[in-house]
Amino acid sequence: MLELDELTVKYRIAGGEVPAVRGVSLSVPAGEALGLAGESGSGKSSVALALLRLLPRSADVGGRVLLDGEDVLSMKWGRLRAVRWSSASIVFQGAQHGLNPVRRIGDQIAEPLLVHKLASGAVADRRVQELLSQVGLPAWRARSYPHELSGGQRQRVMIAMALACEPQLIIADEPTTALDLMVQAQVLTLIRRLIADHGISLLMISHDLSVLADVCDRLAVMYAGRLVEVGPSSGEFRHPYSQALAAAFPTVGDPASRLAPRGLAGDPPDPQQLPGGCAFHPRCPVALETCATSDVQLRASGAGRTAACVLVGE
Amino acid sequence: MTADTTTAVEALEERPARHGLPRYAATKAGGALLSIAMVIVATFFLFRLLPGDPVRALAQGRNMTPEQLDLERARLGLDKPIPEQFLHFLQQTLSFDLGTSYEYKRPVVDLIGERIGSTLLLTGTALVMAVSLGLWQGARAGWKPGSRFDKVSTAVSLVLWSVPTFWLGLLLLMVFAAGIGPIPGIFPTRGSSSVDKPDGFAGVLDVAQHMVLPCLTLVAVVYAQYLLVMRSSVIDEVGQDYITTARAKGLRDDDVRRRHAVPNALLPTVTLVFMRIGFVVGGAVTVEAIFSWPGLGQLFYEAIRVPDFTLMQGTFLLITVSVIVMNTLADVVYHVLDPRVRSA
Amino acid sequence: MSTVAWVRRKRAAGRFWTDFRKQRAGVAGLVILAAAVVLALIAPLFIDAGVTNVVSGTGAKLAPPSPADPLGTDESGRSVLLMIWWGSRTSLLIGFLAALLSMVIGTVLGIAAGHFRGWVGAVILRITDWFLVLPSLVTALVLAAILGGSTATIIVAIGVTSWPSTARLIRAQTLAVEARPYIERSLALGAGHWHITTRHVLPNVAPLLLASTTLEVASAIVTESTLAFLGVSANKTSWGTMLRGSYDWGAATAGAWWYILVPGLCIVTVVMAFTLCGRALETVLNPRLRTRAHA
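Protein chains in written order, with my numbering: chain Y, 1 to 314; chain Z, 315 to 658; chain G, 659 to 953.
None of these hints come from the bench; they were simulated from the model.
All values derive from a computational prediction rather than experimental measurement.
A couple of the hints might just be wrong.
[Claimed, not checked] Cβ pair distances, simulated, as ranges: (1) Z:Ala469 with Y:Gly199: 53 to 59 angstroms; (2) Z:His402 with G:Ile785: 25 to 31 angstroms; (3) Z:Arg654 with Y:His207: 26 to 32 angstroms; (4) Z:Pro459 with G:Arg775: 35 to 41 angstroms; (5) Y:Leu274 with Z:Val442: 52 to 58 angstroms; (6) G:Ala849 with Z:Arg389: 57 to 63 angstroms; (7) G:Phe704 with Z:Phe400: 51 to 57 angstroms; (8) Y:Ala213 with Z:Pro459: 25 to 31 angstroms; (9) G:Arg775 with Y:Asp217: 32 to 38 angstroms; (10) G:Ile785 with Z:His649: 20 to 26 angstroms; (11) Z:His402 with G:Arg784: 25 to 31 angstroms; (12) G:Arg784 with Y:Leu114: 46 to 52 angstroms.
[As the list claims (entries may be wrong)] One side of the interface only, derived from the structure: several residues of chain Z facing chain G at Cβ under 7 angstroms: (13) Met352; (14) Ser476; (15) Trp481; (16) Ile633; (17) Ser636.
Note that beta-carbon positions come from the ideal geometry of N, C-alpha and C, so glycine has one too.
Build out the structure end to end from the sequences listed, making use of the hints.
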């Protein structure tokens, strides 16, 4: 369904460029859910926005983004607008400002239907009711304004909105980040159910690996603009960074995990001043001398898994 | 808790009641009345601040005997003690009697009544034009900051903002009314209609012709402000996620701007526009003075020149109270327009 | 302790200057207004007040620019060039002083409104809002007419009508500063009103104050020239008064374009210079206004 082929994103700023994404290739087959994990600054949000060409004009995007075989990046403007939302839609953090504050929820959910001429008037209203019930909101909520809803409810609205045109792919960018844990659990359950019911592909982006492991079949980990590992969510991580990321969250109820050393020293690198060789080596607990000079590509390392580390693979 | 339980719980919730508006309007009206009361008191004391007494100021440049001065003093009630004067003033003002003009020897309210129509015509037209142009251009400029349209719009606004209203009026008078070099003067230099006062449609055209230059002057200086404010409001909105969502839905760029960015940017802009209505009033006074447009502003200006303190006091009171009322109206209207404030 | 604070302040000032230098419009404005101030200050070395004396007019009346009078003459034969040079002193002086007065009142009341909670702050805020609604030009006209149009009263008239917007700005800043944790600590240690406002709030508010004052001077110059034009100023030398002269003596209809154009251009140039400079200061001091590199 979705295939990224060496996607690159560079932002032009005064005095140079910032390479936010340095060559990402992945694929999300129909009906599958892929999680994209990484810290802030890893470039994951840039990937999400690049998929539908939603980046600002100061961004240069390279590579190919194949949506059902068509390259989004070279589409004509009219075709792009037709594809947006109807083939692939986005769920942002609705808890913040993802919804227009001065328009009613129902109007915002119905908007893509009107834009893509799929429905109007009473038919559109019925569809809105249907979508609201699918996400567990009462029908009268269509007349509400965003500020009248809680964070969790707003997130459900974003999901309902994303389903409006029955897309084949949903891109969810940090959909549960600003929510309370209980509400987070509800929303994740909802997402799982909906993509299973409708057979939609999902690309979910988050810095929280446990959230991604909950919903997605496979996980990809990004660091400094590149993928460092891709593999099934049920397996163990092989790349030192992924391992550190996974270990960063303590397991509730396991006393041993509280005392075990956690977290990584240092900060993610400045994209304009990347370390030589493997970008992770300054923070890597098992770095070798060669890591400072030789860059590593993804290589096979176990069942259906690839990782970009010298120590991994045969 | 499953989604179904959530739905059940929410179905039991009551829909929020909307009862904020009457209470809000009442609060604002109360505030306005307080402000107006403060204006009345302040006006009273302001006009008695004169070093010496107002009558002496009147006497400057005129030959008046001491008896005439005393007569004038008695007429203005200045020989009475201050508390008594204040009570008298209060009584007069609240019964809509603003005294008698020294210059015209007629009740101030009559003079105001005669002139107010002209001012509303000129200022109203100018405001409509300034708001429309300023908001539209500001929205387009803010939508693509740094573009050529934006740079030109901002530059023009900054220049117009720095140009004193009266100077712009002078320039327009010079170029379009009097004519310069080979260009003939095509607009009249003063008044709101020609001496012969034509009737019917010709009369309307005549007034319109007289209104062009003063209106243009007023619009030019005022619209720059609106443009700059709208522009920055739009820039603030453009960074928000819901704009990206709208784009992602496949809307055209213009539609995203018009349906999403502009309505949100309008709210703080409208508030600011109304807060600055005092500035428009000042501009109107200046423009009416230069072009001798027979409105309230020119009446006020004349009162200052003579000086006719009763007339000055009366027009000042009216102008200030109008501004307060308009501000209050704007507050209430904003409350109605912004859904976030409405149900608060 | 104080040396550390001083070194930090000097370094901050250095950083500020580097940032400001990048604002080209602001630097241009600064250069122009510095030139205007210098010209105004050195004027007495070349001319004196006598230049405005009606009888001193040597040229023909309302004569166009010529080698003798490069910017033409007015209705009394006085050289427009010399008049505007001398007049710059008045316009700039009144502009500065009026802005200063407005700033002082605005800062004191703004900090008080933000600092004092309870009814004191509420009353001050109410008064500020009330003043804010008053139409400034109309009120200034009335004040000038009543108090007489001397330089001092003009300054008062402008200062008293333009302080409210500053006060609101300063109040907002005061509230923001006082919300910071070190203020709470200061209070716990027994700091009084005076200490908190002068040692903590004022230094934090000062940069914004600088930008605001600069913009205020621009506004004051426009107001002063308008007041002079409308005839409430007793001042004989201001640019506004010159334009009044051009209006009274029918320069528009007589085609004496130099008499109308020159003083007006002076006003516009100086006002724009202050405005550009002030806006640049605002941009540098308020990081939110700077253009962002990327989302």
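Results of checking the hints against the structure:
1. Z:Ala469 with Y:Gly199: 53 to 59 angstroms: Once the Cβ atoms are compared, 55 angstroms apart, the range 53 to 59 angstroms for Gly199 of chain Y and Ala469 of chain Z holds.
2. Z:His402 with G:Ile785: 25 to 31 angstroms: For His402 of chain Z and Ile785 of chain G the Cβ distance comes to about 27 angstroms; the hint holds.
3. Z:Arg654 with Y:His207: 26 to 32 angstroms: Holds, since Arg654 of chain Z and His207 of chain Y (Cβ atoms, about 30 angstroms apart) stay within the stated range.
4. Z:Pro459 with G:Arg775: 35 to 41 angstroms: holds (39 angstroms)
5. Y:Leu274 with Z:Val442: 52 to 58 angstroms: Given a distance of about 57 angstroms, which is inside 52 to 58 angstroms, the answer is holds.
6. G:Ala849 with Z:Arg389: 57 to 63 angstroms: The hint (57 to 63 angstroms, Cβ to Cβ) holds, given that Ala849 of chain G and Arg389 of chain Z are roughly 59 angstroms apart.
7. G:Phe704 with Z:Phe400: 51 to 57 angstroms: For Phe704 of chain G and Phe400 of chain Z the Cβ distance comes to about 54 angstroms; the hint holds.
8. Y:Ala213 with Z:Pro459: 25 to 31 angstroms: violated (42 angstroms)
9. G:Arg775 with Y:Asp217: 32 to 38 angstroms: About 57 angstroms separates the Cβ atoms of Arg775 of chain G and Asp217 of chain Y, which means 32 to 38 angstroms is violated.
10. G:Ile785 with Z:His649: 20 to 26 angstroms: For His649 of chain Z against Ile785 of chain G, whose Cβ atoms are near 23 angstroms apart, the range 20 to 26 angstroms holds.
11. Z:His402 with G:Arg784: 25 to 31 angstroms: holds (28 angstroms)
12. G:Arg784 with Y:Leu114: 46 to 52 angstroms: holds (48 angstroms)
13. Met352: Cβ of Met352 of chain Z sits 6 angstroms from chain G, so the hint holds.
14. Ser476: At about 4 angstroms, which falls below the 7 angstroms cut-off, the nearest Cβ of chain G leaves the hint on Ser476 of chain Z intact, so it holds.
15. Trp481: Trp481 of chain Z check passes; min Cβ-Cβ to chain G is 4 angstroms, inside 7 angstroms.
16. Ile633: Since chain G brings a Cβ to about 6 angstroms from Ile633 of chain Z, closer than 7 angstroms, the hint holds.
17. Ser636: Since chain G brings no Cβ nearer than about 9 angstroms to Ser636 of chain Z, farther than 7 angstroms, the hint is violated.
Violation of the numbered hints given earlier is confined to hints 8, 9, 17; the remaining hints are satisfied by the structure.
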